[in-house]
Amino acid sequence: MSSEIVELNVGGVFYTTTSRTLTTQPDSKLTILFNNKENALRDSKGRIFIDRDGVLFRYIIDFLRDGTLSLPETFREKERLKREAEYYQLPALIESLTVNLQHQQPGVITVGYRGSFQFGKDGLADVKFRKLSRILVCGRVSLCREVFGETLNESRDPDHGIVERYTSRFFLKHSFLEQAFDMLTEQGFKLVGSCGSGTAGTAAEPKPGVDTEENKWNHYNEFVFVRE
Amino acid sequence: MSSEIVELNVGGVFYTTTSRTLTTQPDSKLTILFNNKENALRDSKGRIFIDRDGVLFRYIIDFLRDGTLSLPETFREKERLKREAEYYQLPALIESLTVNLQHQQPGVITVGYRGSFQFGKDGLADVKFRKLSRILVCGRVSLCREVFGETLNESRDPDHGIVERYTSRFFLKHSFLEQAFDMLTEQGFKLVGSCGSGTAGTAAEPKPGVDTEENKWNHYNEFVFVRE
Amino acid sequence: MSSEIVELNVGGVFYTTTSRTLTTQPDSKLTILFNNKENALRDSKGRIFIDRDGVLFRYIIDFLRDGTLSLPETFREKERLKREAEYYQLPALIESLTVNLQHQQPGVITVGYRGSFQFGKDGLADVKFRKLSRILVCGRVSLCREVFGETLNESRDPDHGIVERYTSRFFLKHSFLEQAFDMLTEQGFKLVGSCGSGTAGTAAEPKPGVDTEENKWNHYNEFVFVRE
Amino acid sequence: MSSEIVELNVGGVFYTTTSRTLTTQPDSKLTILFNNKENALRDSKGRIFIDRDGVLFRYIIDFLRDGTLSLPETFREKERLKREAEYYQLPALIESLTVNLQHQQPGVITVGYRGSFQFGKDGLADVKFRKLSRILVCGRVSLCREVFGETLNESRDPDHGIVERYTSRFFLKHSFLEQAFDMLTEQGFKLVGSCGSGTAGTAAEPKPGVDTEENKWNHYNEFVFVRE
Amino acid sequence: MSSEIVELNVGGVFYTTTSRTLTTQPDSKLTILFNNKENALRDSKGRIFIDRDGVLFRYIIDFLRDGTLSLPETFREKERLKREAEYYQLPALIESLTVNLQHQQPGVITVGYRGSFQFGKDGLADVKFRKLSRILVCGRVSLCREVFGETLNESRDPDHGIVERYTSRFFLKHSFLEQAFDMLTEQGFKLVGSCGSGTAGTAAEPKPGVDTEENKWNHYNEFVFVRE
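Protein chains in written order, with the numbering used here: chain A, 1 to 228; chain B, 1 to 228; chain C, 1 to 228; chain D, 1 to 228; chain E, 1 to 228.
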């Protein structure tokens, strides 16, 4: 049997694992530690001692067992875990956490639309569905691109060379509001605010070709999404 | 007595259980492990050793005891637990978790209504109740169907063959807004945004048969629901 | 001294208690277990062994000590704890948890009001307070009754025989919006959405007796409350 | 050295402390227990045994060490901790928790304002700031007083003798909306809903002295604050 | 080897570390304790005993290992940890926590804008983007300055000498709403409320040079941000 049991004392928390798991990553401090285990510090019960946080080691050993990172859905110690990964010299774990943390780059994107309803000829349709032409997108250019990718229309944005700036001149190539919302939530954004407003009436005669009923129901709805 | 006590060391966390519980699922790794317990790795106290996460094992053993999955209401390690279930080869648990995770498929549904109030003849009714005709539903077709089922009216949606698309042409067969909200919350959706807007007045004479008071109070309220 | 110390191993978690506490509920499995303690399974340290979840046992023993249920304010394992109470045959605890869980029956109630401001004669009052006549309540009939009780006016609801249905024809007997909100929050509802809209102007002359200033400020505010 | 080490077994959780800490409060059950320690129940390792919840004892011993109560910011077991303080007969801790729990008395307060913008003569000012005259406060009288204290103007409330009632006739002595919000959040209230609405236009000529531009931008914003 | 293993019993929770880690901060109580370890209180297993909270010591020892403070993202015991740092006499940790806590100084800032859409000549542009001139900022002066720094325009605020006051006369030097939101979220503010309102129509002829379409879509959106 090629693996032997190893008992660890990590800052006072005890773990049991095997030599095979511990030496999975050849250049890590844990491999070096195990290969020099006769020189390792040991606690009063003979366990190999590591002077690091004992709680976060749960995820370090988990990564060594499976080779992939799988964190609880609401894990809130990523920065701290990255510090541990750096200490143990686990580049693949550092990489995973860095991607994971970058992915969490915070920012705000606002999505808005001017909408009304489809009334059909003489307003006779029995159901009037939502009607909107353009979905407007405002925010930091790089963030908008990350979220909307190919569905983003930048053709009307005057300064499209510069990325580190804000714009309010992006819009989407489609008109499905919920698709835009789905893309935002898939990227970790949450809807945190929403505003609606109607329009002002006028005493003027409606222009020819304008549907007065549709005109009356015009509104602007604006949705603020945040990624923390 | 047909069952004996078994002491386990799962990655450094200790559990005590019985042989009967451990071997409930005939083809699982735990049954195999117990049936070959004379070859099992053992820690320094003689406990059977398993080189897996010790915390999540709480739910593995719980499942073996009762045969059903019962997780804390806000459990946030489902993906991680599924990985453990795969390791232990527990198909019924994997199945439960897969259903559970699918059920959490994220998405956005928007519900909107154009409403006003019932004024009665000459506005004499002492209480004016909310009046709305159609509850509009927008979002991914498959998601809307999952939530609203038989209460969804798709008759006005032109492309009803294709499922993987977005629509803004669904409406409900009833007009109870709170029933729609209840169905959404029962399916794990949360209301995250809401917008209201009134309508614009006009200088035109009201058409015959239009209740001017009701007309004045027209508004469009839109509610955004998200399942994370 | 009538009580002796009992050491327990509940699925690997250790508890210490007294025989008096353990046998408080005469017909429970724990009383039976203690009265037959010479036949009980014991772990390697001689502790009485129970093959159940070790963490939830904290609340089982707490209930035995005081005879009442007191859970953390955000306790999220009620269903799981109820399963444990059923296993241990503790009817009073099952009852408490059932009431507790029923109380958490999810649902949505919408509260809305049409309001304006009190301008006084010729708008001369220095402060214009909120003015609203009726607070409208919409939702499932049984839920609305549970929350608002005697303050609910059902006189205008046409079908008041049937309970398992939705209505938008309830209103409150008083006009204190915050009292309605307090009753909802006391019953575990949370405000999750709110919409406001003004009214449309008209070219028509105001009717005699209508305060034009008050008319101008008319608005409809709608509040969505959810209990999860 | 006047203090000796004391090992405790509180319901199966082990604590180590000193006799000095344990006897800080002369009349508490812990002082009595220590002074009669030769008669105390002891576990199999000789630790003094206490048949109470082991987890909450962390805060009991913390209180004895420093004499003050300092809980985690999101502590959710106050009712349970109070029950423990009553068991141990620690009046100062009961008092702290009672104040703490009262402070958390739930309730709803609504703040609203009618506002517009300052346009200056002929609308020539380059920036138009928010303009509002009165901040209206609605809710339970005692709660409004607790939050706003001296900044609350009750002069227009007709029934100011009675405290256990609701009012919509309070307003603030100042016109700084954010100061009102700060006072609410300092007292543990959270903003959970907000509604905005504009006003209706009229065909009538504006009255002399009315700024038509300012008039056009009139709106009513209403904010609902809840303390859970 | 210059470091030796030290076993600690902190209020009943056990930690293992090295003498080097423990004596990192020369004037701390832990250094003093270690240098007088022959006089230290010891528990029944010979561990050095410290009569303080055992759970929070995890972060104390962590700080000694790395010399920097790294807390979980949602750590909720900062006040309690500061009390521990004061007990152990660790000025650098006290300093970190004080900065950290000050940074969390609560408050409310409101951001609002009057906006419409760019219609271009005769409304012929195919996409109408959001158009806003000034972003208004209201709140406590010191807080607004902390968040917006150089991007804040105070030139129109009459009393700019006094800091401890509220103002509604600040605006931003730029017109990128999302940049303002990003700055607020970077400083720990969360959007908790948002209100929208349109404008009232008039019977008057539009003034020369006013774009009637743009005029119609005028709205005021107000966003409330809170830092807890």
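The hints are simulated quantities; they were obtained by calculation from the structure and are not laboratory data. Heads up, some of the hints might be wrong.
A pair counts as met if it fits within one copy or between any two copies, since identical chains are not told apart.
[Said to hold, decoys possible] In the DMTMM-like style, the derived pairs of lysine to aspartate or glutamate whose C-alpha atoms are separated by at most 25 Å in a straight line are:
id	residue 1	residue 2
1	LYS128	GLU214
2	LYS131	GLU213
3	LYS128	ASP159
4	LYS29	GLU79
5	LYS128	ASP157
6	LYS131	ASP159
7	LYS82	GLU95
8	LYS128	GLU38
9	LYS82	GLU146
10	LYS131	ASP211
11	LYS82	GLU186
12	LYS29	GLU7
Results of checking the hints against the structure:
1. Taking CA atoms no more than 25 Å apart as the test, LYS128 paired with GLU214 passes in both settings, with 10 Å inside one copy and 18 Å between copies.
2. In this homomeric assembly, LYS131 and GLU213 come within 25 Å of each other (Cα to Cα) both inside a single copy, at 13 Å, and across copies, at 19 Å.
3. Taking identical chains as interchangeable, the C-alpha atoms of LYS128 and ASP159 lie at most 25 Å apart only when they sit on different chains, with a minimum of 17 Å there against 39 Å within one chain.
4. When the C-alpha separation of LYS29 and GLU79 is checked against a cutoff of 25 Å, the pair qualifies only within one copy, where the shortest distance is 20 Å, while the shortest distance between copies is 28 Å.
5. Within a single copy, LYS128 and ASP157 get their C-alpha atoms only as close as 33 Å, which misses the 25 Å cut-off; across copies the closest is 12 Å, which meets it.
6. In this homomeric assembly, LYS131 and ASP159 come within 25 Å of each other (Cα to Cα) only across copies, at 17 Å, whereas the closest approach inside a single copy is 30 Å.
7. For the identical chains of this complex, LYS82 and GLU95 are neighbours both inside a copy (9 Å) and across copies (24 Å), given an alpha-carbon limit of 25 Å.
8. For a Cα distance limit of 25 Å, the shortest separation of LYS128 from GLU38 qualifies neither inside one copy, at 79 Å, nor across copies, at 73 Å.
9. Only within a single protomer do LYS82 and GLU146 lie at most 25 Å apart by alpha-carbon distance; the minimum there is 24 Å, versus 30 Å between protomers.
10. Taking CA atoms no more than 25 Å apart as the test, LYS131 paired with ASP211 passes in both settings, with 13 Å inside one copy and 24 Å between copies.
11. Taking identical chains as interchangeable, the C-alpha atoms of LYS82 and GLU186 lie at most 25 Å apart whether they share a chain (24 Å) or sit on different chains (21 Å).
12. In the homo-oligomer, the alpha carbons of LYS29 and GLU7 lie at most 25 Å apart both inside one protomer (16 Å) and across protomers (23 Å), since each shortest distance falls under that limit.
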